[in-house]
Structure formats: structure tokens, C-alpha cells
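S.K.: Residues per chain are reported as follows:
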Amino acid sequence: DAKTTQPPSMDCAEGRAANLPCNHSTISGNEYVYWYRQIHSQGPQYIIHGLKNNETNEMASLIITEDRKSSTLILPHATLRDTAVYYCIVTTSGTYKYIFGTGTRLKVLA
Amino acid sequence: DVKVTQSSRYLVKRTGEKVFLECVQDMDHENMFWYRQDPGLGLRLIYFSYDVKMKEKGDIPEGYSVSREKKERFSLILESASTNQTSMYLCASSPPPGTGGLIGFGPGTRLTVT
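Going line by line, the protein sequences match chains C and Z. According to the numbering used here, the residues represented by the first sequence are 1 to 110, in order. According to the numbering used here, the residues represented by the second sequence are 1001 to 1114, in order.
Just so you know, the hints here were simulated from the structure itself, not pulled from any lab data. Where hints are given, some of them may not hold.
Claimed, not checked - Calculated cross-link-like contacts (lysine-lysine; reagent style DSBU-like; alpha-carbon spacing at most 30 Å): (1) Z:Lys1053 to C:Lys3; (2) Z:Lys1053 to C:Lys52; (3) Z:Lys1003 to C:Lys97; (4) Z:Lys1055 to Z:Lys1003; (5) Z:Lys1057 to C:Lys97; (6) C:Lys69 to Z:Lys1057; (7) Z:Lys1003 to C:Lys3; (8) Z:Lys1070 to C:Lys97; (9) Z:Lys1018 to C:Lys97; (10) C:Lys97 to Z:Lys1055; (11) Z:Lys1053 to C:Lys97; (12) C:Lys107 to Z:Lys1057; (13) C:Lys97 to Z:Lys1071; (14) Z:Lys1071 to C:Lys3; (15) Z:Lys1057 to C:Lys3.
Take these sequences, add in the hints, and give me the full structure.
M.R.: Structure (C-alpha cells):
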């Protein structure tokens, strides 16, 4: 099964860029990488997703390596409200199962 | 936006009770999922369904069953609740993988079994 690996925790100074890595070395060729975050045990909130190319939206940027085995979520100017657990999600090859890692707990420091 | 609703935000049940957790999505998604979330363990897949009346076990199906009689509704059933099923339960829905569609999550149900 596809699996994601993320560092358990990271700190980032307010106003600086937060770079959150994810390893997904078993991702299959046509599967997307999704990033969600979860604040205070609410339901996960969508951030961004991508297939092969780098993506940017109003919240974040997503950098996917050429071999697609890893990706990095970039929050360009982190704020205190970005403190959350960030999940990188992929599907298992040939199935409908979306697999979560244990996520990265990002703490933005004032 | 994908909208996924869950029947309760908080639920307290006694050991041995039968518990139903209901989930409804409004995006006509084929796939629906039930996860449980526990501190330090992240989100773990209990069951998922890729079509009406179709279901497959996830990673931790023991003690749970599911029902999907209509496309928009996916129910999680605890036949005889136990204290080790105290957890946060999250429902999700999605279009088929590989389509680039978004996964929608419900707000979660925090179940306490006493």
C-alpha cells in the first residue's frame, strides 16, 4: 500500500515560510497528492493538491519532485492561525483507499 | 465546496450499546470513508465504500460494520460498543482516485463509551 512519511513536528517563526515535506515513494503514476490540515480536532480542511506540476493557490504552494516520490508544502508567510496538523494524502495503487500519514504538527511561533 | 455532514458532534454511549454514526454528502461522490482518529496514531481507515451497497475493509475494521443503501449516505455501526472505541470518528467522501477531485471531510463525531 502507498504510504506517506512526514516529520512529526516543526516550528516556524511567524512571517517566515513554512516548508513541510512528505515522502510518498510508492505513489502510482496517475494519483494525486493532497494536502489537508486539521485544527483543534475539527474535520480536515483542504489546502492544495497536485499531480506532477508544481501548484500554487491563495493558501500555499506545492512542489512535487520530478520522480513524484516526495513533495513539499510551502506556506509562504506563516501566521499563528496556521498552527495545525498537516496531512499529506495519497491513494494506494489500484484502490480507492486514501492513506494518511500521522501528519506534521506545525507550531507557528510569535 | 464539498459538504459532508455527520449526525452528531458529540456522543456518549454505554458499553454494549449499538451505536449508529451517520454521514451524508451532497456532492454525488462515489466513494465514502470512515476513519477514526486517536492521539499519536493519526487517521486510520475503518471502512470505505466505492458504490452503493459496496464496501471494503480498511485497516482497522474489527468491531465495526457499515451500511450504504443510498449514494449520499454512509453509516458506521458499532454492534456492541466498547471503551476502546472511544475516539474521534471522521467521515469523508471523494470522486474516484486519479480524477483530481477533492476529498471532503465531515466535522467529526467525538464518541465516548463509558
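S.K.: It remains to establish, for every hint, whether it holds in the given structure.
M.R.: Hints, one by one, checked against the model:
no., hint, verdict
1, Z:Lys1053 to C:Lys3, "holds (28 Å)"
2, Z:Lys1053 to C:Lys52, "violated (34 Å)"
3, Z:Lys1003 to C:Lys97, "holds (20 Å)"
4, Z:Lys1055 to Z:Lys1003, "holds (21 Å)"
5, Z:Lys1057 to C:Lys97, "holds (10 Å)"
6, C:Lys69 to Z:Lys1057, "holds (27 Å)"
7, Z:Lys1003 to C:Lys3, "holds (27 Å)"
8, Z:Lys1070 to C:Lys97, "holds (20 Å)"
9, Z:Lys1018 to C:Lys97, "holds (27 Å)"
10, C:Lys97 to Z:Lys1055, "holds (11 Å)"
11, Z:Lys1053 to C:Lys97, "holds (17 Å)"
12, C:Lys107 to Z:Lys1057, "violated (34 Å)"
13, C:Lys97 to Z:Lys1071, "holds (17 Å)"
14, Z:Lys1071 to C:Lys3, "holds (28 Å)"
15, Z:Lys1057 to C:Lys3, "holds (17 Å)"
Checked against the numbered hints given earlier, this structure breaks hints 2 and 12; the rest are met.
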